[in-house]
Structure formats: structure tokens, C-alpha cells
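**Student:** Here are the chains, one letter per residue:
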Amino acid sequence: MGADTDNSTGHSVGHSLHNGPADADAPKAPVNDTSANDASANEADYVIDVSGLTKSFDGKVVVNNLSMRVKRGEIYGFLGPNGSGKTTFIRMLCGLLKPDSGSGTCLGFDVLTQADEIKPHVGYMAQRFSLYEDLTVRENLDFMARMYGLADRLRVVDECLTRMGMTRFANQLAGSLSGGWKQRLALSACTLHGPKLLLLDEPTAGVDPGARRDFWDEVHKLASQGVTALISTHYMDEAERCHRLAYIAYGDLLAQDTLEGIVDHAGLCTWSVSGANLPELADALRPLPGVEQVVAFGNTLHVSGQDAEALERAIAPFQAGTGHDWKLIRTSLEEVFIHLMRGQQAKQNGQAAQKAQAGGQAGGQP
Amino acid sequence: MSANNVFCFRRFAAMVYKEFIQMRRDRVTFAMMIGIPLMQLILFGYAINSDPRHLPTAVLSADNSPYARSIVAGMQTSSYFEVTEHLASRAEADSALKEGRTQFVLTIPEDFSRKLLRGEKPVLLLEADATDPAATSGALAAMREVVSQVLARDLPASAGYVPTPSPVTLRVHAEYNPEAVTQYNIVPGLMGVILTLTLTMITSLAITRERERGTMENLLSTPVRPLEVMLGKIIPYILVGYIQMTLIVLAAKFLFGVPLRGSVLAVFVLSLVFIAANLSVGVTLSTIAKNQLQAVQMSVFFFLPSLLLSGFMFPFRGMPGWAQTIGSVLPLTHYLRLVRGILLKGNGALESLTHVWPIALFLVVVISVGMRRYRKTLD
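In order, the protein sequences belong to chains A and B.
Under our numbering, think of the first position of the first sequence as 1, with each following residue one higher.
Under our numbering, think of the first position of the second sequence as 1, with each following residue one higher.
None of these hints come from the bench; they were simulated from the model.
Don't take each hint at face value.
Said to hold, decoys possible - Keeping only pairs whose Cα atoms sit at most 25 Å apart, straight-line, the calculated SDA-like set for lysine to any residue is: (1) K182/A with Q22/B; (2) K290/B with Q127/A; (3) K98/A with R372/B; (4) K182/A with F215/A; (5) K98/A with M216/B; (6) K290/B with T258/A; (7) K290/B with R128/A; (8) K98/A with Q22/B; (9) K196/A with M371/B; (10) K196/A with R10/B; (11) K182/A with T258/A; (12) K98/A with E19/B; (13) K182/A with K253/B; (14) K98/A with M371/B; (15) K196/A with T258/A; (16) K290/B with Q225/A; (17) K327/A with A284/A; (18) K290/B with H220/A; (19) K196/A with D257/A; (20) K253/B with V6/B; (21) K60/A with Q354/A; (22) K290/B with D257/A; (23) K71/A with E133/A; (24) K196/A with R153/A; (25) K290/B with K327/A; (26) K60/A with K327/A; (27) K98/A with K253/B; (28) K290/B with A255/A; (29) K98/A with V6/B; (30) K98/A with V369/B.
Bear in mind the structure is a predicted one, so any value in this text is a computation, not a measurement.
Construct all of the structure, not just a fragment, from the sequences and the given hints.
**Tutor:** Dropping the structure here:
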């Protein structure tokens, strides 16, 4: 737990975010804090149950005091901007990286010490295609089947090829497949051994909508069979297909709830505007108090802000006699995430400034 | 659960099988594995080890007698020496050698013919530029023949010349290559050099390639164990090593006519340790290298001292103490002695065991370093 003291500032920030400012005064009880919320839940129901996971590379905190619980059979969406620590977190869960600190279990095994026990039950799909491009589809699947020591591997591989519709590619080199098929092969390879938990790291990046839909159907099918899936993605439509979502930015977990929960909790109010001269309108709205985001969606603008009254005051002058049609709409996930990300950025900048100031004072005093 | 054993044979076998498929598909690497031995055989066997002739020679003669002239002429005729200049002073002789203008300087003393006729065994001094001992050894050997033949022909019988002992003291100032480098010596040694170069390099690429292509991430997420990965990578290349050895032994016998006195089988059996040692270096390097380029650079970094300090290029006993110390750590040093001992001297397997254990020790140390370095995680 040495890293805890190193990251003491980051640690307390993580706390105040999850548990409200009151908890920041009691920084040394992260496990109790999180479990208190779900005290009634049975431990065994959670496939992933980790708290305070922290990982730094070269002194830079990539995952900061992250706690997460994922129930059996749940499809858990994992979102966040690039470089926010999603990949690192997933790698820590499947034993590819060792957490600096924190504790917890994955499939009932300790994530820090029992990586070898976890591995046989996890199907991990890396962000980048990580099967052998110079092996054929069948050889790749066969290799994976042997790695997991599957008893009847020829049959398993054949069945998998048929189920995934890849029989005609069976003897083609994996490197020659298109992006969509590569992704399908990768999913096949990581589900071949019947894992209890799927860790999919941006599995659909660069894949066309049809293939993405097939992919998600497959994931839902597996989930209905009791497989749990943690899936990181940048696509909002994919996020909407998850049972629960977590949003992580710059190493900190910012939100963790159902889709509706996250949207409601953000408390954003959004207006949709249509009409003429939208670009000019957007420019006029952006600097106004209460307006946080102005985003063009085809022939409409989405204008959102946290303070509903301030927002209404801001848009009031543009509502009458300008020929614009205003509608109050449900805030979308994207706006919520942009809002969360900006909040986190501002917080970090503020912290950095504070630190610099404190450092300057300390340096000046002696 | 069986998957949690430290070593699972099925997973290991799967690694081996996969490596073979990949090896078969990677035509360039495969060509390299066969091409490098052939190329080195030709380079070292023909080009580098050819017995050099027409070596530039300067003569510093203080005696203009017919005997002196016919010795010089005889040297010329032997085709090993090419008299390029006649020097006037000692200083000139020194600079000629120093600057590398000439390979040899022959000094004929003032009273050479007088002493010769009196039977006083005058001294002929032949100084050789010994920076490349292999280059001069043939010429130096020829010199003795030249002198005795010339004098046997020219010296009047009345001077009481008897062919042996020689009427002249030929003093050679050049460190003789103690192992007398010849093709016989080079080609078996080449076996070790080729195995070191290709096996270290190819295996150092093996794991690095997995990391660079991202396949390591997938491999690490499976239950596979370090030992299974490492051995799985090594075994296929042991076979490659044996193919290379066979090539070289065949070339040695039929291309270079090296007399194979000892048991080829013994060489093959004992070479296993050496092959494994080189492969373990390769695998260990690949656990350190970040990409394939680094892996190649590191294997060259290992190869060069092996080439230079093992006694392949230069006589081992001629090296300074520190170089010998480094050299005696390297597996190639012991392997050269082993192979030359068996093939050239006809040593048996038992006599060769003294050369096997240092290689085995090296193997154990390196593979345990590699095991420690092989990361089960990505960080």
C-alpha cells in the first residue's frame, strides 16, 4: 500500500467524487466506503469486485484508486476518453498488469496474487488484433484451444467456426482477414474456452455497423448464458446496449450506474433548436452564462447546461421572433460524458495550479 | 486444476507446433537460416582463409653478394613474397612495417655471405607484420623452404655445405599463430560461429516479435507458463541448429576436404548443449529488447565478442589476460575446443567433457536469468 501515500492528493480526490466531501476527512477506509452502498448484496454475486486499484507508470498515475463491482451476467460498459486508464484497468483485472495498490477479487480470486487462477476463466480481447497473423483462422483457434487445455478441441474449433460463420475462412491466414472478420475471430478465440468473464477492450474499434451489431448480439447471447462482460468502448450507441456503465477520465472513476442513472444524476438540461443560421446562433450562445455545451446535430443544435434556470435565461432572447424552433429534450449520454470530462479537466487544472502555487510559496518562504 | 501446473506438456507442445508453422510461413527467415551458413562457409572457407600470396616485402640488404640476391629471388619465386622495395636504413624498415606498406621486411646483415662461406651460420631476419597472423603464416612457413633450397643450389660444395643443419639462422620476428590457422581449423570452428550468430539472432526475435506484433498480450492472458513459452520457442530452433550443423559437416568433408578424425556423432550429441546455450541467450535477449531491431542489435553485441575472443579469429593464447577471461565465459570458446578436439585431433566424447561443462553452466545461468526476466505481465 506504499503507493497510497505517494498519491495522497489523488486519493482524496477520488474519494470526494464517489462519496461526497464528508468522506474526504476519513481517507483510509476505501473498502468500507464502497461496500456500504451494497451491503446487502452477496459477495459471490460479484464477478468483479475491486476497490482502490491504483497503477502508475513512471510516476504518472494512470488508474487512480478505482473501485468497481460487476454482477454476474451483466454487460458492463466502460467508457472514457483516450488515455483515461481503461486499458490499464482491464489489463489489471486479467493479470496482465500488477496493480500498485488496491485489493479485490475477480471471479473470487485475488487480483493481486491469484492471476494464474483467474486466467483460465477469463476471455480477454485486446484493443489491437493480437492473434497470429501468420497462422490461419483454424490454426489460431486451435492454438488457443490448446492453450486453455480444451479436451475435445477439434470439435470445439469446428463448432466455433460454424457458429461464427467463419468456416469458409478456416484456412485463410488471419492477417488477410478484413477488420470485421478479424474482430470476429478475436471474439471467437477469447470465448472458445467458455470463460465466465469477458474483458473486451474496445472490441469494435474500426468495425462497420453491421459487424458491430452482430458482435453485440453475440455478447448479449453470451450474457444470457451467464457470462459477464466488461467492454470498453467509445461508441455511445454501444454504451446504450450495456446493462450498466462506468465512466473513467484521467484515471478517476467519475460515474458508475445504469444509463438512466448516469444521465439523471448528471442533472443536465438540454434544448434542441432547429431553424436558420444555426452556426451564428451557436456562436452567440456559447459565451453565455449557463450554457455549457452547444453541439451541432445535423439540422439541429443541442444546447445544454447544468443550471436549468440559467440556461433558460440565456436562451430566452433567442426563443421569440427569431424563427427558431426550441424543444426541451432528454440529455444524451454523449453530453453527459463531455460534461463529466470537462469537470474533471477543470478540477485537475485547478489542482495543478494550486500545487504550483503551494510549491511557489513553500519555495519562497525559507 | 491441471491448467495450473507449473509445466503443462500440452500447452508446451502447442507452442512448439505454432512456432513450426510460423517458421514455415516466414520464408525470409527460413532462407536466412540456410543462407547464412552457406555464405559464411564461402566467405570464411574460401575468401578469408585462402593462403595469401604475393605479400609485399621490403628488403634491407647490407650485403650485395650473389647469395643474398638469390635468396631474394627465391622468395619472389615462391610466390608468397613480392619484393616491393629495397630499403636503405633500419628506420625505413621500421616505418615500412609500421605504416603497413609491407607485410615483411627481410634484413640481410653486412657480413652475410662471408659468414655463410665460413659456415658461421649468419642470421637472416624476417620481420612480419603480425597484425593478421593468418595472413603471414603460410609465407613464414615457405621462407624456410626458400632459404634451404636456394642455398643448396647455390652454395659451392667446397664450402662444406650439408643440407641439414641449415647454414643460415632464420630468425622470424612474428608471433606464430599457435593453432596454425588453416582451413582444417577454420571450418569446424565455423560451425560454432554460425550456430552462435543465427541461433542467437533468430530466437532473440522470437519473443520480441510476439511483443511487437501485440500477440504477447494475448499469449499472456492465457494460462501459459514462462517455461512453456521459452522451451516452446527453443525446441524448433534446436532442429534448425542441427540442419545447419549437417550442412557444415558436409561442406567440411566434401567441399574443403577436412579430415574428420573423430566421431561426427559425438559432435552432434555434445553440440546440443551448445545449441541450447545460444538459444537461451537469444530468448533472454528478447525478454530485454523492446523491439526486433534492438533484439538484432543485442544479438550482434553478443556475437562480436564470441567471434573475436573465442579463439576463432585470433589465437586464444595470444590474447591479453582480460580478453581471455571474457573469452572463457563465452560458450563458443569451449565449443571451438570441443569441435576441433573431436574432428581434428580425434578426441573421444569423454575427453571432450571438460569443454562441455562450462557451456552447460553458461546455459543454466542464462536460462535462469531469462526466466526471471520473462515478464508474465506487460509492465
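**Student:** Decide, hint by hint, whether the structure agrees.
**Tutor:** Right, here's what the structure says about each hint:
At roughly 18 Å between alpha-carbon atoms, K182/A and Q22/B fall within 25 Å of each other, so this suggested pair holds. Distance restraint check for K290/B and Q127/A: the Cα-Cα separation of roughly 20 Å lies within the 25 Å cut-off, and the hinted pair is therefore satisfied. Of the pairs offered as hints, the one joining K98/A and R372/B holds, with about 16 Å between alpha carbons and a cut-off of 25 Å not exceeded. Taking the CA atoms of K182/A and F215/A, the gap is near 12 Å; set against the 25 Å cutoff, the hint holds.
Restraint check for K98/A and M216/B: the C-alpha separation of about 16 Å stays at or below 25 Å, so the hint holds. A hinted pair counts as satisfied when its Cα atoms are at most 25 Å apart, and K290/B with T258/A does not qualify at roughly 41 Å. For the given pair, K290/B sits about 18 Å from R128/A by alpha-carbon distance, which is consistent with the 25 Å threshold. Taking the CA atoms of K98/A and Q22/B, the gap is near 31 Å; set against the 25 Å cutoff, the hint is violated.
With a CA separation close to 30 Å, the supplied pair K196/A and M371/B exceeds the 25 Å bound. Only pairs whose Cα atoms come within 25 Å are accepted, and K196/A paired with R10/B is accepted, the gap being roughly 23 Å. Note on K182/A and T258/A: the hinted pairing is violated, with a Cα-Cα distance of about 31 Å set against a maximum of 25 Å. Straight-line distance between C-alpha atoms of K98/A and E19/B comes to about 28 Å, which puts the hinted pair past the 25 Å bound.
Under the criterion of a C-alpha separation no larger than 25 Å, the hint pairing K182/A with K253/B is inconsistent with the structure, at around 51 Å. Restraint check: the Cα-Cα separation between K98/A and M371/B comes to about 18 Å, which is no more than 25 Å; the hinted pair holds. At roughly 22 Å between alpha-carbon atoms, K196/A and T258/A fall within 25 Å of each other, so this suggested pair holds. Between K290/B and Q225/A the CA atoms are separated by roughly 41 Å; this puts the pair beyond 25 Å, and the hint is violated.
Of the pairs offered as hints, the one joining K327/A and A284/A holds, with about 18 Å between alpha carbons and a cut-off of 25 Å not exceeded. The straight-line distance between the Cα atoms of K290/B and H220/A is roughly 38 Å, outside the 25 Å bound, and the hint therefore fails. At most 25 Å may separate the alpha-carbon atoms for a hinted pair to count; K196/A and D257/A meet this at roughly 22 Å. This hinted pair does not check out: K253/B and V6/B have alpha carbons roughly 45 Å apart, beyond 25 Å.
Only pairs whose Cα atoms come within 25 Å are accepted, and K60/A paired with Q354/A is accepted, the gap being roughly 18 Å. With a CA separation close to 40 Å, the supplied pair K290/B and D257/A exceeds the 25 Å bound. Note on K71/A and E133/A: the hinted pairing is violated, with a Cα-Cα distance of about 35 Å set against a maximum of 25 Å. Distance check on the hinted pair: K196/A and R153/A sit about 18 Å apart at the alpha-carbon level, within 25 Å; holds.
Using a Cα cut-off of 25 Å, the hinted pair K290/B and K327/A is violated, with the two alpha carbons roughly 56 Å apart. A threshold of 25 Å between alpha carbons decides the hint, and for K60/A with K327/A the separation of about 44 Å lies outside it, so the pair is violated. For the proposed pair K98/A and K253/B, the alpha carbon gap of about 55 Å is over 25 Å, so the pair is violated. Between K290/B and A255/A the CA atoms are separated by roughly 36 Å; this puts the pair beyond 25 Å, and the hint is violated.
Using a Cα cut-off of 25 Å, the hinted pair K98/A and V6/B holds, with the two alpha carbons roughly 20 Å apart. Note on K98/A and V369/B: the hinted pairing holds, with a Cα-Cα distance of about 21 Å set against a maximum of 25 Å.
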